[in-house]
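**Student:** Just so you know, the sequences run in chain order A and B.
According to the working numbering, the stretch in the first sequence is residues 6 to 365, in order.
According to the working numbering, the stretch in the second sequence is residues 6 to 365, in order.
Just so you know, these hints were derived from the structure itself, not from any lab.
Each hint should be verified, as a subset may be incorrect.
A pair counts as met if it fits within one copy or between any two copies, since identical chains are not told apart.
[What the hints assert, rightly or not] Using 25 Å as the maximum straight-line C-alpha spacing, the simulated BS3-like pairs for lysine-lysine come out as follows: (1) LYS359 / LYS319; (2) LYS177 / LYS109; (3) LYS359 / LYS316; (4) LYS319 / LYS351; (5) LYS291 / LYS357; (6) LYS319 / LYS343.
This one's a predicted model, so the numbers in the text were calculated from it and none came from an experiment.
Number of protein chains: 2
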Amino acid sequence: MQNKDYYAILMAGGVGSRFWPVSTQDFPKQFHDMLGTGDTLIQKTFKRLTNLIPKENIFILTNERYNDLVFQQLPEVSKRQVVLEPAMRNTAPCILYAALKIQKENENAVMIVAPSDHWIEDESAFTKNVSDAFEFCKQNNALMTLGIQPTFPNTGYGYIEYDNNETTAIKKVNQFREKPDYETAKNFIEQGNFLWNAGIFMWSVRSVIEAFQNNQPELYQLFESGYDSYNTPSEDAFIKENYAKAENISVDYAIMEQSTNVHVLPATFDWNDLGTWGSLYDKLDKDNDGNAVVNARTLTEDAGGNMIRTKNNKVVVVDGIEDYIIVDEDEVLLIFPKTKEQDIKKVLQNVKDKFGEHYG
Amino acid sequence: MQNKDYYAILMAGGVGSRFWPVSTQDFPKQFHDMLGTGDTLIQKTFKRLTNLIPKENIFILTNERYNDLVFQQLPEVSKRQVVLEPAMRNTAPCILYAALKIQKENENAVMIVAPSDHWIEDESAFTKNVSDAFEFCKQNNALMTLGIQPTFPNTGYGYIEYDNNETTAIKKVNQFREKPDYETAKNFIEQGNFLWNAGIFMWSVRSVIEAFQNNQPELYQLFESGYDSYNTPSEDAFIKENYAKAENISVDYAIMEQSTNVHVLPATFDWNDLGTWGSLYDKLDKDNDGNAVVNARTLTEDAGGNMIRTKNNKVVVVDGIEDYIIVDEDEVLLIFPKTKEQDIKKVLQNVKDKFGEHYG
């Protein structure tokens, strides 16, 4: 049950360097079939959104260098739907810019902003949650987010604290909390009214633009001044000239943390941000020895708990290795302990320093 | 100082399956640059022999399926020099056959039979040893072998026991001894007059043919009956019809162990049969952490004692792995403990059973 007032912005400009050597500057994570399902993450995300949102209303926010990848992987997308940042900025400028473009096209639009590289298993629960949030945004001047029910005291995510007294499904947000230390995170979980911030936002274009106008007047002025050009041939010139002037600020900080009309719907679907090889391992089915295998055929002995991936269904023989990340790419072979996965960014830096930038 | 009476037969029909996944049925060890020197083992062996032997006198004994590889890797070799076995037989039949062909071409010929997949570092010592042996074979009716000074009680080689009383460099052989158990091997080393049998033989064509005539009359009859056809257009037809009738017997057993005129020259050069990944590791230079690296660039941490090889100078990141064989080929990645290298044949069989014969 698509609705012509429903819109989406897919954030597809990041790199995901903890997934090196698969995810690289030239070919980031969201354009890979990380789970071996046959779809890349952005294809999967796009399809999931079309349950609710007409495909011509789904915009892709990305960088110039990924333009070709977007059109290759989403051939149903037209040039109009791909919004390119001419300069690297945090999320606020591009979201405001896209919201203004959408508003000019449809002033009744409600929209979702969503990462293109996360994994959501239960698509119908996702669709139901987004649909409920959209309806709320249509009827209220609200900035909404989908919060993830935390399963353990993760110190790598931001948290959303909601008002415990409300009995409705959609809760008023008390405050956003930065990545906590372990004790604080444990305390959050015990309190029960904390959710993980997955970077999924929903609002009407009217509400989000008003929030920018109130909280980020300078940024608002900058992008509002180009309104006449949006969706016309002169848009490119305006953006090329003005985009780099925008403050480098996240949408969380720019409006969510400043506003009093922020609400959260605790998600009823499973969610995995596929942030590291370990979280991908957790998500995947395992063989009898507990190895997660993507695009490979394995012969293992005394080898369990490994994340094994090759490019072309290579035969991988592993003996006596436990809890490793084993990733074989055209130009790089990584054999690295899962427990040290947070160091992969450092390893990547070392490889680039030693062997050249193009390895990243 | 080449001599037109000097000939060689390079044995190039084997597979070396303990070097899987580099060495395969379709592309065996001798056709690989195992040490990353720029030359394959057969190229290296061929060059080594040309210090003494005219290149047109070096014959390659191999199978039909390696015909193309031989001509690719040794473009200076003519069709006349490639002797193909139409059926899989042990060494005696093909050596007798080749000796008869050479005799017909040059009845004064002395020849060396040598594996094409061993490693000899000191080429001038090798040349000197072979030259001395050749001169001995010219002047005496003798079957000669080069024996390797043993460095430890290896149970994987056969041994040659020589007469301790002789003071000449070239010794009379008492007997050949099969692969011994460890205690026996230790005892051999203590006695001091035992050498490793490296499968390197030298003799005049006259002496070797006489030895076959005396000790293997049936085999001799079979190949002698084709003498008129050798080195003529009718040779092919004769060999195709008769080769498969030959007994499946090794040259060691057929003549060396039966004859009384067997001599050995203790080699003065370093020798390595490159029989396993471990022996290749021993031979290679190591990086600061004790890793032997061929065709790869490495970034290692807490990783030493590894044998690391890729196809195209891949970047290999290894963390926390000690004493492993890490070999990356187009269709196979092997991560296997060096201590279990003798099991690689079994692993190969398992891979073929599970994923198909073509992986071997």
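**Student:** If you check each hint against the structure, which ones fail?
**Tutor:** Checked against the structure, the only hint that fails is number 2, while the rest are satisfied.
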